[in-house]
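The residues making up each chain are set out below.
There are 2 protein chains.
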Amino acid sequence: MTEVPRTPRTKPKTYPSRANSELETILDIVDRALVCHVATAVDGVPRIAPMVHGRVGMELVLHGSPKSTLLAALANGAEAAVAFTLVDAFVLGRSAMHHSLNYRSVVVFGRGRALDDDEGKARALDALTERVVPGRTRELRPMSRAELDATLVVVLSLAESGAKIRTGPPKDAAEDLDGPWWAGNVPLTLGLGAPVPSPDLPAGVAVPPSVRDLARRVAGGA
Amino acid sequence: MTEVPRTPRTKPKTYPSRANSELETILDIVDRALVCHVATAVDGVPRIAPMVHGRVGMELVLHGSPKSTLLAALANGAEAAVAFTLVDAFVLGRSAMHHSLNYRSVVVFGRGRALDDDEGKARALDALTERVVPGRTRELRPMSRAELDATLVVVLSLAESGAKIRTGPPKDAAEDLDGPWWAGNVPLTLGLGAPVPSPDLPAGVAVPPSVRDLARRVAGGA
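Each protein sequence line maps, in turn, to chains A and B. Quick note: the first sequence uses numbering that gives the first Met the number 0, first residue 0, plus one each step. Quick note: the second sequence uses numbering that gives the first Met the number 0, first residue 0, plus one each step.
Don't take every hint at face value.
Remember, identical chains collapse to one label, so a pair may be satisfied in a single copy or spanning two.
Stated by the list, open to error - With a Cα cut of at most 20 Å, we get these calculated PhoX-like pairs of lysine-lysine: (1) Lys66 / Lys12; (2) Lys66 / Lys10; (3) Lys170 / Lys10.
These are computed hints drawn from the structure, not numbers from a lab.
So here's chain A without its partners, still in its complex pose (with noise of 0.2 Å):
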């Protein structure tokens, strides 16, 4: 187990019971989000998006179009705020200020870097079509150059990183234990539904491994 140390701005000021900084917990938090979140500030005002990411080692990848107000910032060294988020369940207190989510989050804080380099963006996004579909790349064509040339990809360092977890039942006041109100929790499930062809495949073109094997990814939260 590998701890990361926390900073000022990764320790949490609410909740401290609920802080995790096992590298391992952080890192499948990161890889199981199907989306994280990116925040940074332009000219002093917040920006966010939502973002299919990528994991190299201790890089997340970030990818997209240069237009993108967003990633031009990070391409240029901006800093940025990135948040992983599964949601597990509802939880119902018996009063409303003891109701909540359980969920595990991540929050990352770092400075974008712009990858130049042919081979290290293809590798990057590689690894970012890999955790959202793993087993997909081998499926493909490689990349071609243009694709490449078109794509703006932006890596940071996961180092300065802190997971929020809750579980369990939900935390009811004592007076209110006896009272006549349900209590509980109802957990969160994400599924697949059946896969549907593009409607431009040609007949006998069969549903990949990548495919088959989605359940299997989504099953631990996303």
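Here the structure of chain A is known, so what remains is to put chain B in place on it, guided by the hints.
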């Protein structure tokens, strides 16, 4: 149909075809999202946190502990960017480039304002509980004065907001269409596990209507 006017920062720089400014659509996404992600800049440095939210008309309701750095900044009028994201499907194209997610997202820009009158706070907190678990407030005892005093409630106008929505199959390059690669979507579904009563629940307290109705609440994505 009401159109929300775009501003320079809600005008999409990328994928303008995904932009949507219909107020009804924006509010539907806000209301369905289990959590939102709230970003602000504190001394020029971005901060982000997942939060549960409520809505009263055109005002977004956030709440939490006064000890939260982010919420306290918003209570003092800081500018915020808030994102709401529903992920609907994996989109698998013939090339890595044409992989995507189908999603519905909203970004809101505005300044926070703390509520300080008890009636307004209680109404905002009720709206928050009702949005997350419809029908729940009428099953609970009223909030106590101490609970109300311990909770910081911040509102933020939804007037400056815009949605982005991707639907439909992958949009592959023309020259890839006859290739051997499977292409299509895999829908994501959100469901519920069976309710888990709190270990300290007295015998004989029945599962209430709000819990029985939760399946309908999450059916449209969350």
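So, against the hints stated earlier in the document, which numbers end up violated here? 3
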